[in-house]
Amino acid sequence: MFDRRLLTYFDWGFACTILGMGCLGVLSIYSANALTTSPFRQTLHLRQLTWLAAGLVVLFLACTGSYRNLSRFAYVIFGASMLMLLVVLVLGKTGLGAQRWIRIGGIAFQPSEFMKLSLVLFLARYFDDHRETLHQPKTMLLPAGLTLLTALLVLKQPDLGTALLLVFISLSMMLLLGLHWRYLLPLAIGGGVLTPLMWTLLKDYQRRRILVFLNPELDPLGASYHIAQSKIAVGSGGAFGKGWLAASQSQLNFLPMNHTDFLFAVLAEQWGFVGSLLVLLVYVYLITRGFQIAMESADFFASLLATGISAMLAIQVFINVAMVLGLLPVVGIPLPLLSYGGSSLLTTMLSLGLLLNIHMRRFMY
Amino acid sequence: MVCVGIGCLILLLRLWYLQILEGDRYLTLSTNNRLRLRVVEAPRGFILDRNGEAMVENRPTFDLYATPEDVTNPAEVTGVLADILQIPASEIEARLAEGRTRPYQPLLLRKDLDEAMMVAVEERRIDLPGINLRIRPVRAYPSGGTAANLLGYVSEVNQSQLQREEYRNFRPGENLGQSGVERRYDAFIRGVDGGEQIEVDARGRTLRLVNRDEPQSGSNVFLTIDRKIQEAAEAAFIGKKGTVVAMNPTTGEILAMVSRPSFDPNLFAQRLSGEEWRRIATDTSHPLQNRAFQAQYPPGSIFKLIVAIAGLESGALTPETRFNCSGQFYLGNVKFDDWKKGGHGTLDLRRAIVNSCNVYFYQAGLRVGIDEIVRVSRAFGLGEPPGLGLGDEAKGNLPNPQPKRRGQPNWTAGNTVIASIGQGMVVTSPMQILAMVSAIANGGTIYRPFVVKKIVSLSGDVLEVYEPEAMRQVNVNPETLAFMRQAMLGVVNEGTGQRSKVPGLPIGGKTGTAQVVKKGEEKRSADVKDHAWFASFAPVDNPQLAVVVLVENGGFGGAVAAPVAKAVYEAAFKDRLPGARQAIVESKEVEDEEED
Chain A
0 MFDRRLLTYF DWGFACTILG MGCLGVLSIY SANALTTSPF RQTLHLRQLT
50 WLAAGLVVLF LACTGSYRNL SRFAYVIFGA SMLMLLVVLV LGKTGLGAQR
100 WIRIGGIAFQ PSEFMKLSLV LFLARYFDDH RETLHQPKTM LLPAGLTLLT
150 ALLVLKQPDL GTALLLVFIS LSMMLLLGLH WRYLLPLAIG GGVLTPLMWT
200 LLKDYQRRRI LVFLNPELDP LGASYHIAQS KIAVGSGGAF GKGWLAASQS
250 QLNFLPMNHT DFLFAVLAEQ WGFVGSLLVL LVYVYLITRG FQIAMESADF
300 FASLLATGIS AMLAIQVFIN VAMVLGLLPV VGIPLPLLSY GGSSLLTTML
350 SLGLLLNIHM RRFMY
Chain B
0 MVCVGIGCLI LLLRLWYLQI LEGDRYLTLS TNNRLRLRVV EAPRGFILDR
50 NGEAMVENRP TFDLYATPED VTNPAEVTGV LADILQIPAS EIEARLAEGR
100 TRPYQPLLLR KDLDEAMMVA VEERRIDLPG INLRIRPVRA YPSGGTAANL
150 LGYVSEVNQS QLQREEYRNF RPGENLGQSG VERRYDAFIR GVDGGEQIEV
200 DARGRTLRLV NRDEPQSGSN VFLTIDRKIQ EAAEAAFIGK KGTVVAMNPT
250 TGEILAMVSR PSFDPNLFAQ RLSGEEWRRI ATDTSHPLQN RAFQAQYPPG
300 SIFKLIVAIA GLESGALTPE TRFNCSGQFY LGNVKFDDWK KGGHGTLDLR
350 RAIVNSCNVY FYQAGLRVGI DEIVRVSRAF GLGEPPGLGL GDEAKGNLPN
400 PQPKRRGQPN WTAGNTVIAS IGQGMVVTSP MQILAMVSAI ANGGTIYRPF
450 VVKKIVSLSG DVLEVYEPEA MRQVNVNPET LAFMRQAMLG VVNEGTGQRS
500 KVPGLPIGGK TGTAQVVKKG EEKRSADVKD HAWFASFAPV DNPQLAVVVL
550 VENGGFGGAV AAPVAKAVYE AAFKDRLPGA RQAIVESKEV EDEEED
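If you read the sequences in order, they're chains A and B.
Heads up, the first sequence is in numbering that gives the first Met the number 0, so the first residue is 0 and it goes up one at a time.
Heads up, the second sequence is in numbering that gives the first Met the number 0, so the first residue is 0 and it goes up one at a time.
If you're looking for bench data, these hints aren't it; they were derived computationally from the structure.
The beta-carbon is built from N, C-alpha and C at its ideal position, and this holds for glycine as well.
Check the hints yourself; a few may be wrong.
Selected chain B positions facing chain A (in silico; Cβ < 8 Å) [as the list claims (entries may be wrong)]: (1) V3; (2) G6; (3) C7; (4) L10; (5) L11; (6) L14; (7) L17; (8) Q18; (9) I19; (10) E21; (11) R24; (12) Y25; (13) L26; (14) L28; (15) Y166.
Each pair of labels, with its calculated beta carbon distance range [to be verified]: (16) A:L201 / B:G388: 42 to 50 Å; (17) B:D126 / A:A238: 39 to 47 Å; (18) B:R24 / A:V281: 45 to 53 Å; (19) B:D126 / A:L18: 50 to 58 Å.
Turn these sequences into a full structure, and let the hints steer you where they fit.
Encoded structure:
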């Protein structure tokens with residue numbers, strides 16, 4: 000039975016902010032491609048609008064049943080996500096030289112995006128199950144191992160950004176559990192050992208990107224070109240920006256991938272420092288609200304889930320914006336809610352829907 | 000929470016720095032000065048002969064580019080350019096319109112400007128905003144058009160190639176080896192393109208080079224070809240159609256490969272109009288075909304070598320076996336002629352080979368039997384591709400005495416008679432004949448023919464070394480082959496191949512004159528001459544060079560093909576006569592030193 004009390008607990012402000020950001024994304028995608036003559040790119044904002052509508056449905060669907068039902072299926076969902084990653088590796092559709100998509104009924108779908116949420120779900124359930132033994136290091140072995148495994152699968156696609164993201168999400172959840180530094184030390188050492196190993200697993204272009212980040216003179220055409228153009232776009236926005244549709248740098252073909260990973264550069268050029276500040280503050284609002292929901296939640300699982308989702312959001316925003324601003328290497332991570340891409344938008348909407356769900360049921364046991 | 004705060008602060012500080020502190024600088028960069036990207040084409044590696052003499056190298060050319068965004072006055076620019084390039088203005092307009100979708104991407108208007116055009120463009124610079132000249136290396140052929148079919152040509156990757164998976168890394172307009180060595184070894188020859196990040200002003204003129212990624216030149220390919228021998232063979236073949244192939248019979252190294260009619264590789268290096276391309280591609284004389292291994296012909300009397308070996312090996316013939324030749328041979332009441340009216344009289348096997356007596360081999364073939372002839376043919380590599388690896392290879396055809404399909408006529412004794420002199424169902428490529436003759440010369444080893452010795456990177460690293468590969472040993476008596484070599488020596492010294500004779504150099508050879516019978520046309524028409532063959536090796540007692548010549552519609556092998564082979568031997572052994580023995584052994588020692 001649907002409880003009418005739930006409606007009163009629904010966070011309309013949070014939901015409206017999400018919708019507003021989605022609309023800002025559509026507008027920015029439109030303006031990013033306003034000058035293109037490619038018929039495909041001219042329709043991207045309409046596609047994104049469709050995704051946004053679908054995302055809203057997902058958002059509300061995610062609020063309906065209790066999140067506790069989700070807890071029951073957490074392992075199954077995680078297993079299924081793993082399977083999809085394997086499927087992608089075997090028969091994935093190649094886009095931009097990487098195998099990230101699978102096609103279901105004409106819709107290309109990126110399982111690695113969904114994997115982020117699945118991992119959070121899995122960790123939440125796992126830590127909930129093992130809450131008596133959380134202080135024991137061996138409890139962390141399985142989640143750490145599985146995280147690395149999924150990260151490797153994603154890295155093999157190859158999608159360095161998402162692979163790193165998965166590791167960061169997992170680490171931040173462990174940190175927020177109050178894990179003692181004594182346990183983190185072996186992890187850090189393990190990471191130190193694994194890094195060179197990972198380096199050998201990286202594709203040439205990924206290595207180039209990292210090297211270029213460390214030394215921008217290295218490759219003027221590839222990755223450093225992105226960084227340079229992105230910085231020019233952002234910087235030329237100045238304090239108040241050039242205005243909507245007037246962002247020459249990011250609209251013209253100077254900035255590649257301007258509607259996906261580099262969308263923040265479009266925003267920053269159009270709306271300047273003031274606009275960028277506002278967008279970042281909105282993200283801060285969404286993220287802190289997420290952590291607040293985690294603290295107020297009714298049970299440990301919900302708290303873990305909300306923490307994970309908020310951390311996921313925070314890390315994505317930080318890495319993406321830092322990359323656009325030339326603070327981090329170019330790794331393919333979309334900006335949640337704003338960047339073009341159905342899988343990313345739907346996953347984000349689903350995650351935020353779960354936050355709303357947890358919030359609605361915070362007094363219900 | 001603290002983390003979120005710190006993260007946000009980092010991003011805000013960075014934004015402050017980029018947009019407020021450095022905002023003006025970036026604004027200038029984005030409006031006045033613009034960064035452009037352009038590809039710097041890597042020079043292709045050279046193709047050199049075995050002694051390091053260049054056969055294909057590069058020369059600089061100037062191409063005309065337009066950057067549509069910077070062409071501020073399209074009407075005037077098209078007018079001026081149409082004037083300079085002598086092409087209709089509409090053509091330039093159409094090209095510029097194509098580029099509208101990528102206005103910052105320089106667009107190739109015209110390749111390889113000649114001197115006068117370059118000067119004109121430079122003079123009218125002021126009227127031509129957005130128009131640039133760019134230097135680019137193109138293929139040059141210092142030895143003229145020699146070995147064009149072997150070397151191959153380079154041209155832009157075409158539309159149908161771009162749609163294929165194996166070409167997915169190519170950009171439109173990128174150059175690619177399209178045939179021969181250029182194609183087979185393209186991955187080594189092509190190098191890695193570089194790029195430039197340049198700052199241009201509002202009129203599209205280069206202000207400064209921001210960054211440059213140097214292109215990496217392609218690797219140099221060293222052929223087994225000897226340019227000196229190649230050029231001699233080309234010179235001896237002027238005005239003829241067909242092929243000359245020379246090989247070291249003890250290694251399989253190809254020393255010369257001529258194919259005619261050929262094409263001018265310079266045409267591809269420069270701009271090739273659609274019309275010119277169509278003319279070459281649809282030419283009924285097939286100038287793009289490498290006749291050495293892509294064409295096949297009836298072997299004619301060359302095939303008598305196989306019949307003789309088959310007879311000696313099976314015991315059906317001995318060197319003493321005699322048949323009488325009266326100038327004709329009757330099988331039942333069907334008459335088969337000899338080429339010599341009046342006949343050769345009674346001959347033994349050696350004299351039959353020396354004089355290329357047809358009537359002797361009609362009878363010998365019947366005695367040996369078609370099955371044994373086909374078996375030995377296969378053993379010597381006929382009927383299968385020689386394995387050169389340079390694209391399609393003709394595999395020839397051998398008779399099949401047991402027809403598998405119903406309705407096919409049964410094999411008759413008459414068919415065997417025809418096959419015994421290399422006509423009828425027997426078809427071979429010149430390369431197959433070369434491998435066969437080499438095996439006779441070297442004691443029965445079939446080597447894989449190869450044209451590339453090694454590939455060396457620009458920095459001098461040896462990337463690949465190709466060694467001789469003995470594909471198999473023919474199971475044949477050494478005495479049989481020794482007899483054959485002596486008989487072939489007789490062909491040159493006293494028989495049909497005398498016009499290949501080089502003083503001081505013992506050459507073994509066999510002439511062939513293959514009748515041109517087109518399908519459905521029983522009698523050959525008078526105006527179509529026979530194909531002239533000459534297959535040979537030298538020196539007979541220590542073979543170092545094998546040469547096969549085929550002249551399409553040339554006439555008699557001994558008269559037309561043998562003199563070409565003679566010219567090749569003279570060039571190859573010029574400095575070493577009469578002491579021809581050291582010839583190739585010497586150059587081998589030199590190589591060994593190089594590798595140390």
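Does C7 (chain B) pass the interface check with chain A, least Cβ-Cβ distance below 8 Å? holds (5 Å)
L17 (chain B) was flagged as interface toward chain A. Is the shortest Cβ-Cβ separation under 8 Å? L17 (chain B) check passes; min Cβ-Cβ to chain A is 4 Å, inside 8 Å.
Any CB of chain A closer than 8 Å to the CB of V3 (chain B)? holds (6 Å)
Go through the hint on L11 (chain B) and say holds or violated, using the shortest Cβ distance to chain A against 8 Å. Because about 7 Å separates L11 (chain B) from the closest Cβ in chain A, which is inside the 8 Å limit, the hint holds.
Go through the hint on E21 (chain B) and say holds or violated, using the shortest Cβ distance to chain A against 8 Å. Since the shortest Cβ distance to chain A is 5 Å, the answer is holds.
Does the nearest C-beta of chain A fall within a distance shorter than 8 Å of the C-beta of Q18 (chain B)? Holds. Min distance 4 Å.
Distance restraint evaluation - R24 (chain B), V281 (chain A), Cβ atoms, bounds 45 to 53 Å: Distance hint for R24 (chain B), V281 (chain A) is violated at roughly 28 Å.
Is the interface hint satisfied for L14 (chain B)? The criterion is a beta-carbon contact with chain A at less than 8 Å. Interface hint status for L14 (chain B): holds (5 Å vs cutoff 8 Å).
For the hint on L10 (chain B), just tell me whether its beta-carbon gets within less than 8 Å of chain A. Holds, about 5 Å.
Is the interface hint satisfied for Y166 (chain B)? The criterion is a beta-carbon contact with chain A at less than 8 Å. violated (15 Å)
Taking 8 Å as the limit, does the beta-carbon of G6 (chain B) come near enough to a beta-carbon in chain A? Holds, about 5 Å.
Taking the least C-beta to C-beta distance, is L28 (chain B) closer than 8 Å to chain A? For L28 (chain B), the interface hint holds, since the closest Cβ of chain A sits about 5 Å away, which is under 8 Å.
Going down the numbered hints, you'll see the structure goes against 15, 16 and 18, while the others check out.
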